[in-house]
Amino acid sequence: MSTNEQIIRVFEQLRDLRLQQGQGHRANAYIKAITGIRKYPKQIQSGAEARAIPGIGESLASKIDEIIRTGTVTELGPSRPQEDVERERVLNLFMTISGVGPATAAKWYEAGYRTLEEIPASAATREQRISLQYQNEFNQRIPRAEIQLFEQILHQYLDPLGIQFEIAGSYRRGRPDSGDIDIVAIDKPGVDVIGTIIQCPVFDRDLYLAHGTKKYRGVGHVGPIHRRIDIELTQPSEYPFAITYLTGPDSFNKKMRAHAAQYGLSLDEKGLHGPRGELYPATSERNLFEILGLQYLTPEERDKY
Numbered sequence: 001m002s003t004n005e006q007i008i009r010v011f012e013q014l015r016d017l018r019l020q021q022g023q024g025h026r027a028n029a030y031i032k033a034i035t036g037i038r039k040y041p042k043q044i045q046s047g048a049e050a051r052a053i054p055g056i057g058e059s060l061a062s063k064i065d066e067i068i069r070t071g072t073v074t075e076l077g078p079s080r081p082q083e084d085v086e087r088e089r090v091l092n093l094f095m096t097i098s099g100v101g102p103a104t105a106a107k108w109y110e111a112g113y114r115t116l117e118e119i120p121a122s123a124a125t126r127e128q129r130i131s132l133q134y135q136n137e138f139n140q141r142i143p144r145a146e147i148q149l150f151e152q153i154l155h156q157y158l159d160p161l162g163i164q165f166e167i168a169g170s171y172r173r174g175r176p177d178s179g180d181i182d183i184v185a186i187d188k189p190g191v192d193v194i195g196t197i198i199q200c201p202v203f204d205r206d207l208y209l210a211h212g213t214k215k216y217r218g219v220g221h222v223g224p225i226h227r228r229i230d231i232e233l234t235q236p237s238e239y240p241f242a243i244t245y246l247t248g249p250d251s252f253n254k255k256m257r258a259h260a261a262q263y264g265l266s267l268d269e270k271g272l273h274g275p276r277g278e279l280y281p282a283t284s285e286r287n288l289f290e291i292l293g294l295q296y297l298t299p300e301e302r303d304k305y
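If you read the sequence shown in our numbering, its first letter stands for residue 1, the second for the next number, and so on.
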């Protein structure tokens, strides 16, 4: 294992630990540092050198020096009680369940549960119960060809009804497989768009995880394996921003927001706003890039941005 890989491995452990402790802002610091190290073209020789990497300040540089010397950090080292190591493992397992964050994972651990099979239905929400039931299936990657079949069936059902949608996420970026299926749909006056979409036979309507008027998290299948499907409903004026954001990846979205912030603008999936809240409309993704003074990147190019 190279030095950079070792640093990343330890930082990933520290990131997970901060998440379990409910310290999301500190976990984000490790996420940013890991991203920078992955892009760094050389093997890091010292913490001082690492200070040149975005996201690495004095504190993380000190940890890098310790990792280079010892292969780990004291916080994760051999002196760490075995009970803490086991607790971390179990909490990470619990947080693979949809709808389970650090607080719920800790609550289950304190109740004495150590495996997914031990968690009783009474201790879980509807979303968590469904996720527990289909966890093994949800963990399987979805081949691109399977999502294409989902898309084809959705178009056959929804196009005659005049409902516009697009599948976003890694599928839209041209990736060979995806973790779930992200649908962005455009609202239509007088129509329950989400309610109409989930009537499509690819959805298992009794297995929804969350069902609102603007968002839906559910389950569907076109083969033997159940898949997670999310629907995001957006207004026509918001669509360029929503499809850009939900196409991702996260690293691309962060850079887009940072670029907008340089001009005093705030960018999210709802729109581009000025310092006084004024809206800068965009007619398309390409137009959004133009407004920000950026060269347009196709979805397939955004993983490398």
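Just so you know, these hints were derived from the structure itself, not from any lab.
Computed from a predicted model, the values in this text were never measured in an experiment.
Don't take each hint at face value.
As the list claims (entries may be wrong) - Calculated cross-link-like contacts (lysine to any residue; reagent style SDA-like; alpha-carbon spacing at most 25 Å):
{"id": "1", "residue 1": "39", "residue 2": "8"}
{"id": "2", "residue 1": "39", "residue 2": "215"}
{"id": "3", "residue 1": "214", "residue 2": "224"}
{"id": "4", "residue 1": "304", "residue 2": "235"}
{"id": "5", "residue 1": "32", "residue 2": "121"}
{"id": "6", "residue 1": "304", "residue 2": "294"}
{"id": "7", "residue 1": "255", "residue 2": "57"}
{"id": "8", "residue 1": "215", "residue 2": "201"}
{"id": "9", "residue 1": "254", "residue 2": "88"}
{"id": "10", "residue 1": "254", "residue 2": "235"}
{"id": "11", "residue 1": "42", "residue 2": "24"}
{"id": "12", "residue 1": "304", "residue 2": "65"}
{"id": "13", "residue 1": "42", "residue 2": "21"}
{"id": "14", "residue 1": "42", "residue 2": "23"}
{"id": "15", "residue 1": "215", "residue 2": "252"}
{"id": "16", "residue 1": "42", "residue 2": "52"}
{"id": "17", "residue 1": "188", "residue 2": "177"}
{"id": "18", "residue 1": "39", "residue 2": "204"}
Stated by the list, open to error - So the derived label-pair ranges between C-beta atoms look like this:
{"id": "19", "residue 1": "46", "residue 2": "141", "range": "14 to 24 Å"}
{"id": "20", "residue 1": "280", "residue 2": "254", "range": "15 to 25 Å"}
{"id": "21", "residue 1": "39", "residue 2": "294", "range": "13 to 23 Å"}
In this text, a Cβ means the ideal position worked out from N, Cα and C, and glycines have one as well.
Here's how the hints hold up against the structure:
no.: 1; hint: 39 / 8; result: holds (12 Å)
no.: 2; hint: 39 / 215; result: violated (35 Å)
no.: 3; hint: 214 / 224; result: violated (29 Å)
no.: 4; hint: 304 / 235; result: violated (29 Å)
no.: 5; hint: 32 / 121; result: violated (37 Å)
no.: 6; hint: 304 / 294; result: holds (15 Å)
no.: 7; hint: 255 / 57; result: holds (19 Å)
no.: 8; hint: 215 / 201; result: holds (19 Å)
no.: 9; hint: 254 / 88; result: violated (29 Å)
no.: 10; hint: 254 / 235; result: holds (23 Å)
no.: 11; hint: 42 / 24; result: violated (29 Å)
no.: 12; hint: 304 / 65; result: violated (29 Å)
no.: 13; hint: 42 / 21; result: violated (33 Å)
no.: 14; hint: 42 / 23; result: violated (30 Å)
no.: 15; hint: 215 / 252; result: holds (23 Å)
no.: 16; hint: 42 / 52; result: holds (12 Å)
no.: 17; hint: 188 / 177; result: violated (30 Å)
no.: 18; hint: 39 / 204; result: violated (41 Å)
no.: 19; hint: 46 / 141: 14 to 24 Å; result: violated (38 Å)
no.: 20; hint: 280 / 254: 15 to 25 Å; result: holds (19 Å)
no.: 21; hint: 39 / 294: 13 to 23 Å; result: holds (19 Å)
In terms of the numbered hints stated before, the structure departs from hints 2, 3, 4, 5, 9, 11, 12, 13, 14, 17, 18, 19, listed from lowest to highest.
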